[in-house]
Amino acid sequence: MLVKDFIKNSLDRIHKAFPNSRLEYQYKDISNTHFIKITPINIFSEETFIDLDFELTDEFRELDLNGSLCFLTEDSLVKLDNPSKIIYPKNNIIDSLGFLEKDLSAKIFFGDSTFQSPKVDFPILEEIAGDYRLAMAA
Amino acid sequence: MSFLLNKSEENKNAFAFLKDRKINAPCVHCGYYSCFQKITYILREYFTQEYNDIHKLLNERRKGSLHDEYIREFTRQYVKKFDKKEGHNLGRKLKDLKAFRREADYDDIEIQDDLLDKVEENMNEFHLLVKRRFEL
Chain A
0 MLVKDFIKNS LDRIHKAFPN SRLEYQYKDI SNTHFIKITP INIFSEETFI
50 DLDFELTDEF RELDLNGSLC FLTEDSLVKL DNPSKIIYPK NNIIDSLGFL
100 EKDLSAKIFF GDSTFQSPKV DFPILEEIAG DYRLAMAA
Chain B
0 MSFLLNKSEE NKNAFAFLKD RKINAPCVHC GYYSCFQKIT YILREYFTQE
50 YNDIHKLLNE RRKGSLHDEY IREFTRQYVK KFDKKEGHNL GRKLKDLKAF
100 RREADYDDIE IQDDLLDKVE ENMNEFHLLV KRRFEL
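Just so you know, the sequences run in chain order A and B.
Residue 0 is where the first sequence starts when you use numbering that gives the first Met the number 0, and the numbers rise one by one after that.
Residue 0 is where the second sequence starts when you use numbering that gives the first Met the number 0, and the numbers rise one by one after that.
Excised from the complex, chain A in its bound form:
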């Protein structure tokens, strides 16, 4: 298995277990380390995450992949300045905007109250956009 496959697989597994987490990945040459940043921090105290961390660390070692694997969170010393992968929380409206903006016209968010999806027909987007309008109104 290549390291990129391992990372992809790891991100998928973490996000599947914690769909409301935000994940960022970056490799840093200076420390030869693959960093996965997971937020929020409270996930680190969950039994499921602790087990997953040990599993992934052991798999990384067994596969004899190059470099080190390190999980970070909000209070970590190492900061990620240029993550090559970001996975957004499933329920986070603001973070979802990056995704929504690609598929919906600006009119939906900043124009009148009519919701139209010019490119996609995806009911959940309507729900999120509605929530967003409420948040803006508040």
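It cannot be assumed that every hint is accurate.
Straight-line C-alpha distance at most 20 Å; calculated SDA-like pairs for lysine to any residue [unchecked claim]: (1) B/Lys79 - A/Ser44; (2) B/Lys84 - A/Pro39; (3) A/Lys27 - B/Glu109; (4) B/Lys83 - A/Ile40; (5) A/Lys78 - B/Lys84; (6) B/Lys80 - A/Asn81; (7) B/Lys84 - A/Glu46; (8) B/Lys55 - B/Arg71; (9) B/Lys117 - A/Glu73; (10) A/Lys78 - B/Asn88; (11) B/Lys84 - A/Glu73; (12) B/Lys84 - A/Asp74.
The hints are simulated quantities; they were obtained by calculation from the structure and are not laboratory data.
We have chain A; now place chain B onto it with these hints.
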């Protein structure tokens, strides 16, 4: 006192000495090594078989990180003998500190005071827990 434990203590003292004089980057170096030398001592003294296995494995593979292996084994034993959450938390902070030490030593970055405070906090937490659990 063993020479390794003494070196660990010296690095801890060097951390305080350098921090007082705002010599930040070498502080991180000393902070990390004060922890790593104590981990090395613990593995050699209390988990000799595992310590020897690490060296055998690294000799066979001819690659891999000694530091990663020591931290992993220390964390594994801590979790097994004492407390899972505490051990996991300690392990993640040690891995973070290990990577940050390399950035402090080799990267073109300034080590800000707030991050140094965090290094100190993590280093002190490590020494406190080791004192409590291993009486060292």
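For each hint, the structure was consulted:
1. B/Lys79 - A/Ser44: holds (17 Å)
2. B/Lys84 - A/Pro39: holds (17 Å)
3. A/Lys27 - B/Glu109: holds (17 Å)
4. B/Lys83 - A/Ile40: holds (17 Å)
5. A/Lys78 - B/Lys84: Not satisfied, since the Cα-Cα distance of roughly 23 Å exceeds 20 Å.
6. B/Lys80 - A/Asn81: violated (39 Å)
7. B/Lys84 - A/Glu46: Between lysine 84 of chain B and glutamate 46 of chain A the Cα gap is close to 8 Å, so the pair holds against 20 Å.
8. B/Lys55 - B/Arg71: holds (16 Å)
9. B/Lys117 - A/Glu73: With a Cα-Cα distance of about 12 Å, the restraint between lysine 117 of chain B and glutamate 73 of chain A holds, given a limit of 20 Å.
10. A/Lys78 - B/Asn88: Distance ~18 Å between lysine 78 of chain A and asparagine 88 of chain B Cα, so the pair holds.
11. B/Lys84 - A/Glu73: Between lysine 84 of chain B and glutamate 73 of chain A the Cα gap is close to 18 Å, so the pair holds against 20 Å.
12. B/Lys84 - A/Asp74: holds (17 Å)
Going through the hint list in order, the structure does not satisfy hints 5 and 6.
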